[in-house]
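**Student:** Could you put the whole structure together from the sequences, leaning on the hints where they help?
In the numbering used here, the protein residues as written are 156 to 375.
Rather than coming from a laboratory, the hints here were simulated on the basis of the structure.
Don't be surprised by glycine CBs; every beta carbon is placed ideally from N, CA and C.
Be careful, since some hints might not be right.
[Said to hold, decoys possible] Pair by pair, the computed Cβ-Cβ distance ranges are: (1) E223 <-> G256: 34 to 44 Å; (2) G348 <-> G288: 36 to 46 Å; (3) G167 <-> T242: 17 to 27 Å; (4) R286 <-> R343: 12 to 22 Å; (5) G348 <-> I165: 34 to 44 Å; (6) L161 <-> A346: 35 to 45 Å; (7) E207 <-> R171: 33 to 43 Å; (8) P221 <-> G348: 17 to 27 Å.
[As the list claims (entries may be wrong)] For lysine to aspartate or glutamate, the following DMTMM-like pairs were computed, each having C-alpha atoms within a straight-line distance of at most 25 Å: (9) K351 <-> E207; (10) K159 <-> D314; (11) K173 <-> E253; (12) K173 <-> D163; (13) K173 <-> D298; (14) K173 <-> E296; (15) K173 <-> D216; (16) K351 <-> E223.
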Amino acid sequence: MLLKDLSDAIAGLVERAKGSVVEVHGRWRFPSTGTVWGPELVVTAAHTLRREGGFAVVGSDGVSRPAEVVGVHAGLDLALLRVPGLTAAAPEWRDEGERIGEIVIPVGCRRGSVGAALGLLAAVGPAWSTRRGAEIDRWIEVDGTLPRGFSGGPLVASDGAFLGINTTALVPGGTTIPAPTVRRVVERLLAHGSVKPGFLGVSVQGVALPAAVAAAAGQA
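**Tutor:** If you want it as C-alpha coordinates, here you go:
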(Lines of atoms letter the chains of each structure in order from A and count residues from 1; the text may use other names and numbers.)
(Lines give C-alpha, C1' and ligand atoms only; values in the text may rest on other atoms or scores of the structure.)
Protein backbone atom coordinates (compact mmCIF):
# COMPACT_ATOMS: atom_id res chain seq x y z
CA MET A 1 0.00 0.00 0.00
CA LEU A 2 1.34 3.41 -0.93
CA LEU A 3 1.77 6.01 1.82
CA LYS A 4 -0.98 8.14 0.29
CA ASP A 5 -3.35 5.17 0.30
CA LEU A 6 -2.64 4.61 3.99
CA SER A 7 -3.14 8.30 4.70
CA ASP A 8 -6.45 8.34 2.84
CA ALA A 9 -7.63 5.24 4.68
CA ILE A 10 -6.83 6.77 8.08
CA ALA A 11 -8.53 10.05 7.16
CA GLY A 12 -11.58 8.06 6.10
CA LEU A 13 -11.71 6.26 9.44
CA VAL A 14 -11.57 9.56 11.32
CA GLU A 15 -14.27 11.06 9.13
CA ARG A 16 -16.49 8.06 9.80
CA ALA A 17 -15.88 8.24 13.56
CA LYS A 18 -16.64 11.97 13.79
CA GLY A 19 -20.38 11.40 13.74
CA SER A 20 -20.19 9.46 17.00
CA VAL A 21 -17.86 11.83 18.86
CA VAL A 22 -19.01 14.91 20.78
CA GLU A 23 -17.40 17.74 22.72
CA VAL A 24 -18.23 17.75 26.43
CA HIS A 25 -18.19 20.97 28.44
CA GLY A 26 -17.96 19.73 31.99
CA ARG A 27 -15.11 21.85 33.37
CA TRP A 28 -14.36 25.53 33.25
CA ARG A 29 -11.50 25.91 30.79
CA PHE A 30 -10.88 22.82 28.72
CA PRO A 31 -13.61 20.71 27.14
CA SER A 32 -13.21 16.96 26.87
CA THR A 33 -14.61 14.31 24.57
CA GLY A 34 -17.66 12.11 24.71
CA THR A 35 -18.62 9.04 22.71
CA VAL A 36 -22.19 8.41 21.60
CA TRP A 37 -23.58 5.23 23.15
CA GLY A 38 -27.17 5.29 21.97
CA PRO A 39 -30.13 7.63 21.45
CA GLU A 40 -29.49 10.70 23.63
CA LEU A 41 -26.74 8.85 25.56
CA VAL A 42 -23.05 9.78 25.73
CA VAL A 43 -20.19 8.09 27.59
CA THR A 44 -17.35 10.29 28.80
CA ALA A 45 -14.51 10.35 31.33
CA ALA A 46 -15.80 11.07 34.82
CA HIS A 47 -12.75 13.09 35.86
CA THR A 48 -13.56 15.77 33.29
CA LEU A 49 -16.93 16.61 34.90
CA ARG A 50 -15.71 19.09 37.48
CA ARG A 51 -18.47 21.67 37.50
CA GLU A 52 -21.57 21.44 39.65
CA GLY A 53 -24.04 20.89 36.85
CA GLY A 54 -24.46 23.11 33.84
CA PHE A 55 -22.97 20.51 31.50
CA ALA A 56 -23.29 20.89 27.74
CA VAL A 57 -22.52 18.67 24.76
CA VAL A 58 -21.73 19.85 21.24
CA GLY A 59 -22.52 17.25 18.59
CA SER A 60 -21.15 16.84 15.09
CA ASP A 61 -23.94 19.15 13.91
CA GLY A 62 -22.35 21.99 15.90
CA VAL A 63 -25.37 22.42 18.16
CA SER A 64 -24.77 22.81 21.91
CA ARG A 65 -27.27 20.91 24.04
CA PRO A 66 -27.64 20.70 27.83
CA ALA A 67 -26.68 17.37 29.37
CA GLU A 68 -27.57 15.67 32.62
CA VAL A 69 -25.60 13.00 34.44
CA VAL A 70 -27.28 9.59 34.46
CA GLY A 71 -24.57 8.08 36.62
CA VAL A 72 -20.86 7.96 37.40
CA HIS A 73 -18.46 5.11 38.10
CA ALA A 74 -15.52 6.95 39.62
CA GLY A 75 -13.47 3.78 40.04
CA LEU A 76 -13.42 3.28 36.27
CA ASP A 77 -13.49 6.99 35.37
CA LEU A 78 -16.68 6.57 33.36
CA ALA A 79 -19.77 8.77 33.31
CA LEU A 80 -23.00 8.43 31.37
CA LEU A 81 -24.77 11.57 30.15
CA ARG A 82 -28.25 12.03 28.80
CA VAL A 83 -28.48 14.67 26.07
CA PRO A 84 -32.07 15.38 25.01
CA GLY A 85 -32.33 15.97 21.29
CA LEU A 86 -29.01 14.36 20.38
CA THR A 87 -29.53 12.12 17.36
CA ALA A 88 -25.92 11.20 16.51
CA ALA A 89 -25.33 7.67 15.28
CA ALA A 90 -24.09 5.04 17.72
CA PRO A 91 -20.85 3.38 16.58
CA GLU A 92 -20.01 -0.26 16.08
CA TRP A 93 -18.05 -1.66 19.03
CA ARG A 94 -15.55 -4.50 18.90
CA ASP A 95 -15.43 -6.64 22.03
CA GLU A 96 -12.36 -8.72 21.19
CA GLY A 97 -9.73 -9.48 18.59
CA GLU A 98 -7.21 -6.72 19.30
CA ARG A 99 -3.82 -7.54 17.82
CA ILE A 100 -0.47 -6.22 19.01
CA GLY A 101 0.94 -4.02 16.26
CA GLU A 102 -2.50 -3.10 14.90
CA ILE A 103 -2.85 0.53 13.81
CA VAL A 104 -5.30 2.37 16.04
CA ILE A 105 -6.56 5.94 16.15
CA PRO A 106 -7.48 7.80 19.34
CA VAL A 107 -10.14 10.33 18.36
CA GLY A 108 -11.06 13.36 20.46
CA CYS A 109 -12.16 16.97 20.48
CA ARG A 110 -9.67 19.83 20.49
CA ARG A 111 -10.30 23.55 20.04
CA GLY A 112 -13.82 23.10 18.83
CA SER A 113 -13.21 20.37 16.28
CA VAL A 114 -12.54 16.66 16.14
CA GLY A 115 -8.88 15.65 16.17
CA ALA A 116 -7.00 12.38 15.88
CA ALA A 117 -3.72 10.75 16.83
CA LEU A 118 -2.02 7.73 15.33
CA GLY A 119 -0.76 4.80 17.34
CA LEU A 120 -0.08 1.09 17.51
CA LEU A 121 -1.44 -1.43 19.94
CA ALA A 122 1.65 -1.94 22.07
CA ALA A 123 0.21 -4.53 24.45
CA VAL A 124 -2.96 -6.48 25.13
CA GLY A 125 -3.23 -8.31 28.43
CA PRO A 126 -5.57 -9.96 30.92
CA ALA A 127 -8.04 -8.34 33.29
CA TRP A 128 -6.63 -5.85 35.78
CA SER A 129 -7.83 -3.66 38.65
CA THR A 130 -7.60 0.10 39.06
CA ARG A 131 -6.23 1.78 42.18
CA ARG A 132 -9.78 1.89 43.52
CA GLY A 133 -10.27 -1.82 43.00
CA ALA A 134 -12.53 -1.62 39.95
CA GLU A 135 -11.98 -4.44 37.46
CA ILE A 136 -11.28 -3.84 33.78
CA ASP A 137 -11.80 -6.78 31.42
CA ARG A 138 -8.38 -6.55 29.79
CA TRP A 139 -5.35 -4.33 29.44
CA ILE A 140 -5.06 -2.27 26.25
CA GLU A 141 -1.89 -0.22 25.81
CA VAL A 142 -1.27 2.16 22.93
CA ASP A 143 2.16 3.60 22.23
CA GLY A 144 2.45 7.33 22.82
CA THR A 145 0.60 9.73 25.11
CA LEU A 146 -3.07 10.57 24.85
CA PRO A 147 -3.48 14.21 23.72
CA ARG A 148 -5.11 16.69 26.04
CA GLY A 149 -8.88 16.73 25.77
CA PHE A 150 -9.10 13.22 24.32
CA SER A 151 -10.28 11.58 27.55
CA GLY A 152 -13.75 10.18 26.97
CA GLY A 153 -13.14 9.65 23.28
CA PRO A 154 -12.90 6.34 21.45
CA LEU A 155 -9.98 4.22 20.33
CA VAL A 156 -10.77 3.41 16.71
CA ALA A 157 -9.53 0.18 15.13
CA SER A 158 -8.29 -0.22 11.58
CA ASP A 159 -11.69 -1.62 10.56
CA GLY A 160 -13.50 1.43 11.94
CA ALA A 161 -14.91 -0.29 15.02
CA PHE A 162 -14.53 1.32 18.43
CA LEU A 163 -12.35 -0.69 20.83
CA GLY A 164 -13.08 1.29 23.98
CA ILE A 165 -12.96 4.64 25.77
CA ASN A 166 -9.69 6.48 26.37
CA THR A 167 -8.78 8.13 29.67
CA THR A 168 -5.72 9.67 31.30
CA ALA A 169 -7.03 9.25 34.86
CA LEU A 170 -6.27 5.58 35.52
CA VAL A 171 -2.60 5.24 34.54
CA PRO A 172 0.14 7.73 33.56
CA GLY A 173 0.01 8.51 29.85
CA GLY A 174 -3.50 7.14 29.47
CA THR A 175 -5.14 3.82 28.72
CA THR A 176 -8.22 2.44 27.00
CA ILE A 177 -11.19 0.97 28.86
CA PRO A 178 -12.29 -1.91 26.59
CA ALA A 179 -15.78 -2.11 25.12
CA PRO A 180 -17.02 -5.00 27.33
CA THR A 181 -16.16 -3.03 30.47
CA VAL A 182 -17.83 0.10 29.13
CA ARG A 183 -20.96 -1.86 28.24
CA ARG A 184 -21.14 -3.44 31.68
CA VAL A 185 -20.82 -0.05 33.38
CA VAL A 186 -23.36 1.67 31.12
CA GLU A 187 -25.94 -1.05 31.80
CA ARG A 188 -25.36 -0.72 35.53
CA LEU A 189 -25.59 3.08 35.46
CA LEU A 190 -28.83 2.95 33.50
CA ALA A 191 -30.30 0.50 35.99
CA HIS A 192 -28.97 1.85 39.28
CA GLY A 193 -27.33 5.25 38.81
CA SER A 194 -23.91 6.14 40.17
CA VAL A 195 -21.59 3.46 41.55
CA LYS A 196 -20.11 4.56 44.85
CA PRO A 197 -16.69 3.33 46.04
CA GLY A 198 -16.87 0.55 48.60
CA PHE A 199 -16.38 1.29 52.32
CA LEU A 200 -14.97 -1.24 54.74
CA GLY A 201 -16.48 0.36 57.85
CA VAL A 202 -13.11 0.41 59.62
CA SER A 203 -11.42 3.45 61.16
CA VAL A 204 -7.87 3.71 62.49
CA GLN A 205 -6.55 5.70 65.45
CA GLY A 206 -3.01 5.94 66.74
CA VAL A 207 -2.46 4.96 70.40
CA ALA A 208 0.53 4.76 72.72
CA LEU A 209 1.81 1.22 73.41
CA PRO A 210 2.08 0.04 77.02
CA ALA A 211 5.70 0.22 78.23
CA ALA A 212 6.13 -3.57 78.37
CA VAL A 213 4.80 -4.05 74.83
CA ALA A 214 6.93 -1.19 73.47
CA ALA A 215 10.03 -2.66 75.08
CA ALA A 216 9.32 -6.09 73.61
CA ALA A 217 8.86 -4.55 70.17
CA GLY A 218 12.07 -2.56 70.43
CA GLN A 219 10.23 0.79 70.43
CA ALA A 220 11.01 1.84 73.98
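**Student:** Which hints, by number, does the structure contradict?
**Tutor:** Going through the list in order, the structure violates hint 2 alone and respects the others.
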